[in-house]
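Given chain X, put chain S in place with the hints provided.
In case you want the letters, here they are:
Number of protein chains: 2
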Amino acid sequence: MSYAELIAFEKQTQALGQVSGLLGWDQEAIMPPKAGAQRAEQMGAMAAVLHARRTDPRIGDWLTSIDAAALNPAEAANIRRIRRDWLRNERMPADLAEELAKLTSVGHGIWAQARADEDVAAFLPTLTRMVARQREAADAQKLDDETRYDALLDGYEPGMRTGPLTDILGGLRAPLSELRARIAESGHQPRALEGQFDADGQMAVARELATVFGYDWQAGRMDLVTHPFCSGTLTDVRITTRVDPIRPFDCLYSVVHEVGHAVYEQGLPLEHALTPAGGHVSMGVHESQSRMLENQMGRSRAFCTFLHGKMVAQFGIDLDAEQFYAAVNRVGPGFIRTEADEVHYNLHVLMRFDLERALIMGELEVSDLEAAWNERFEADFGVAVPQPSKGVLQDVHWSAGLFGYFPTYSLGNIYAAALFARLRAAVPSIDSDLERGETTAALAWLRENVHQHGSILTAPNLMERATGGPVTSAPLVEYLNAKFGDLYGF
Amino acid sequence: MSYAELIAFEKQTQALGQVSGLLGWDQEAIMPPKAGAQRAEQMGAMAAVLHARRTDPRIGDWLTSIDAAALNPAEAANIRRIRRDWLRNERMPADLAEELAKLTSVGHGIWAQARADEDVAAFLPTLTRMVARQREAADAQKLDDETRYDALLDGYEPGMRTGPLTDILGGLRAPLSELRARIAESGHQPRALEGQFDADGQMAVARELATVFGYDWQAGRMDLVTHPFCSGTLTDVRITTRVDPIRPFDCLYSVVHEVGHAVYEQGLPLEHALTPAGGHVSMGVHESQSRMLENQMGRSRAFCTFLHGKMVAQFGIDLDAEQFYAAVNRVGPGFIRTEADEVHYNLHVLMRFDLERALIMGELEVSDLEAAWNERFEADFGVAVPQPSKGVLQDVHWSAGLFGYFPTYSLGNIYAAALFARLRAAVPSIDSDLERGETTAALAWLRENVHQHGSILTAPNLMERATGGPVTSAPLVEYLNAKFGDLYGF
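Those protein sequences? They're chains X and S, same order as listed. In this text, residue positions in the first sequence follow our numbering: the first is 97, and each later residue adds one. In this text, residue positions in the second sequence follow our numbering: the first is 97, and each later residue adds one.
Don't take each hint at face value.
It does not matter which identical chain is used: a pair holds within one copy or between any two.
[As the list claims (entries may be wrong)] Using 30 angstroms as the maximum straight-line C-alpha spacing, the simulated DSS-like pairs for lysine-lysine come out as follows: (1) Lys-198 <-> Lys-238; (2) Lys-130 <-> Lys-107; (3) Lys-198 <-> Lys-130; (4) Lys-238 <-> Lys-107; (5) Lys-107 <-> Lys-486; (6) Lys-198 <-> Lys-107; (7) Lys-107 <-> Lys-406; (8) Lys-579 <-> Lys-107; (9) Lys-198 <-> Lys-406; (10) Lys-238 <-> Lys-406; (11) Lys-130 <-> Lys-579; (12) Lys-486 <-> Lys-579; (13) Lys-406 <-> Lys-579; (14) Lys-198 <-> Lys-579.
Read the hints as simulated data drawn from the structure, not as lab findings.
With the rest of the complex left out, here is chain X:
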């Protein structure tokens, strides 16, 4: 009875969480301009309802009286997740939770203004308070033998700890720096795709790409936003993109990326809807699905052949297929993470991971952050940061209190490469499939090995089963070296 009562309560809470998610989607995608204040009231009311449910003392009572031995694997996974969240919520002092909510709410505006003004000092007091409160919150919430950073990381990558994560990510920095340097030294730079690409044409190709990568239009829709994202789960997963008339790849590969997230959500086990077992297992695994479709598949030579045909038909571009493939995969140094190519992207993330971990662990203070950022950037990218908006002020995450989130981006890339190596072995026709815009067999493999498991397995278990062993960065390094050595002639 306790289990049934707990799950009935959890399902209603998750349904309300989905409603909050829809409010967020609506706000970004289609809400009328004047509705902001009204929407804030609605979001606040939903947050209050959700907070009350997540700290409802009955959860503790139910958890205490459940007979763990009687649970099947999905039920056990549900209890594992619910217990973890409950323990953390229970340990979080109410006044600290409230202060963090307020800081997060005002922090965004202060950060955005500071970035617009190129004024780091204007953001530092807020960030200092944010880091101090995050440290306190992590100290309050950490379980068992977790470190302070572990407690934050676990919110995005359940079961992952800082030690193993540092080991996994640590293998990336030297090979990526070397690859970056070799590309820069190659003196080779392929032609970029140039021209004007009308919005209707971009959206027509984008819709075709979404279909090609298995997006179920009956269980979703696509709209235009400022910053693309994917929202929702199972039978209602909405994707978004944006259109820049001179950068069609921004639109097209945003769509493929979001479709990667979307097919994961659409492929989760429906029979476990509204329970933790039916949800995504971690942000790293989520990102692995988006990055694999975007990069290992979408930016492959094989798929670029297919896309080239579409671009010739839609826009009459004058690059040949090989030039097009090179243009899609052009590597260049850049200051902005979200615009980075496959080679530079993880160098961005690694430095954020190291910096935020040091901030949280008390090894770095906010007053020294900008200097540490700039020094690390120059060391890893070979160029100096020219202004804060291209440096320490570029990302929204820290102003939003999202400490522990950054490393899941690189983990996603590492997972993607490890999974794709196995997928390639299981689907030998993958290249010829992608050349024809055919992804059925590849998606079936992902469904079977990743999507359908929801959160019944832990992320490490899921990855180990799917890839045949502990995850390392080796497949990603191997993939990048092979691809870009070929493209840049070394």
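Chain S only, in chain X's frame:
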């Protein structure tokens, strides 16, 4: 303190109610086809949260300890509405509320199937239970000297009672029957507008009409649906329409109608947002705003001159302005209320009001309903009902438990005519304004006399102040006789 606490609680409840409204809009307008079951879970979770709040015993405590003498008019209006809802909710037995919710939920499907099958008998058991439970609910909830039907009516037209309502509506049936007969006997029938009207063209004109009638696009949006409606309030009021290639007036006048609802919601007092004082005062007044824009303004000769110009420009129609005006206002008998012209519409509503009041009061049983419907229809419309989908099964309301709603449609028409007579006196330029697609002065009058008052005044007080005396059906009868006497030559 009690007042402040009660209002803070009420505001959060209303914000959650707005969220439920948005879920409904999303479902009808843009939700992916497969998302139905998931949405039902979300709506159910929101309904449970709202029900718990609306029956929260703290409301009773707060109401008891408020010093009524210290309240200003808006505060007094808030307490009046909150107390009324609280008393009704408190008196409603929980098991009856649950059974009604279930009946409403399954009733729609059973009714829709029965209508599709032309099978009245298939719907009767459900309707019989619905009427029985509605009688019980009304008996439980009625306050003071209310009759059973009063208790239901008050949910849609607060402060209105069956007696005065019957008096107001009662003046309509004979003059409308006479007008209907004179038109039929006139032998005159203007040309209809014929042709094909492409969807993009219809929507272009529809958007222009919305703008002309003062719709604030920064505080709303327009989408396509099966059955047009208006959703939301104040800074986020969304309208909807539909497009039929051979019936452009369906699209265009749906938009004007929904814009009437929308400008009311957009013009409510923002300083009272999320409290009863800041909401619409009654369904009748709401409908008066939509019907006035649709009929008294939108179907006037003056405005038809303006619209004729738009239709010539957009579609090259071959009617002249006077023929166009006649085509817009073509009168004909029909079986379906929602498709009825201005002359027949209220005859439809009056018979539903009489039938549902008799059902609720126990003067008519469900088993006799179809016969009573068919007999009344033939008496009032001069033709026999050919099949149930064109008769007793045509409307969704009773299957949804909306007893007491129907009369507010006619009340809206009566209010509209009474208000418009005063508006015309206050804005002598109204005809020349409408000829130019100009509504600023008319809307300003509505803002001042109706919209800005929210629910601070009761509906009867609002109408009396705006029209200078008690409301009667005389201005509507006068308006219809003049307009259609002119059009049909008597």
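Exercise. Up to 30 angstroms between alpha-carbons, please classify Lys-198 paired with Lys-579: within, between, both or neither.
Key: Result: close neither inside a copy nor across copies, 46 angstroms intra and 60 angstroms inter.
**OP:** With 30 angstroms as the alpha-carbon cut-off, assign the pair Lys-107 and Lys-406 to within, between, both or neither.
**Re:** neither (43 angstroms within a copy, 52 angstroms between copies)
As a check of your reading, is Lys-198 near Lys-406 (CA-CA no more than 30 angstroms) within one copy, between copies, both or neither? neither (48 angstroms within a copy, 52 angstroms between copies)
**Study point:** Copy assignment of Lys-579 with Lys-107, given that the CA separation must stay at most 30 angstroms
**Key:** neither (45 angstroms within a copy, 58 angstroms between copies)
TODO: Pop the pair Lys-238 and Lys-406 into one bin, within, between, both or neither, using alpha-carbon distances up to 30 angstroms.
DONE: Neither: 51 angstroms inside a copy, 68 angstroms across copies.
**Asked** Is it within a copy, between copies, both, or neither that the alpha carbon of Lys-107 lies no farther than 30 angstroms from that of Lys-486?
**Response** For Lys-107 and Lys-486, the Cα distance exceeds 30 angstroms both inside one copy (43 angstroms) and across copies (42 angstroms).
Up to 30 angstroms CA-CA - Lys-579 versus Lys-486, copy category: For Lys-486 and Lys-579, the Cα distance is within 30 angstroms only inside one copy (28 angstroms; across copies 68 angstroms).
Check Lys-406 against Lys-579 for me: Cα-Cα at most 30 angstroms, and say if that holds within a copy, between copies, both or neither. within (23 angstroms within a copy, 60 angstroms between copies)
Exercise. Should Lys-198 paired with Lys-238 be assigned to within, between, both, or neither, using CA atoms and 30 angstroms as the limit?
Worked result: Within one copy only: 22 angstroms inside a chain, 45 angstroms across chains, cut-off 30 angstroms.
Margin query: Cα distance capped at 30 angstroms. Does Lys-198 pair with Lys-107 within a copy, between copies, both, or neither?
Written below: both (28 angstroms within a copy, 20 angstroms between copies)
Which holds for Lys-198 with Lys-130 at a C-alpha limit of 30 angstroms: within a copy, between copies, both or neither?
within (23 angstroms within a copy, 37 angstroms between copies)
Next on the checklist: Checking an output row: Lys-130 and Lys-579, CA cutoff 30 angstroms. Within, between, both or neither?
Outcome noted: neither (48 angstroms within a copy, 40 angstroms between copies)
The structure shown violates the earlier hints numbered 5, 7, 8, 9, 10, 11, 14.
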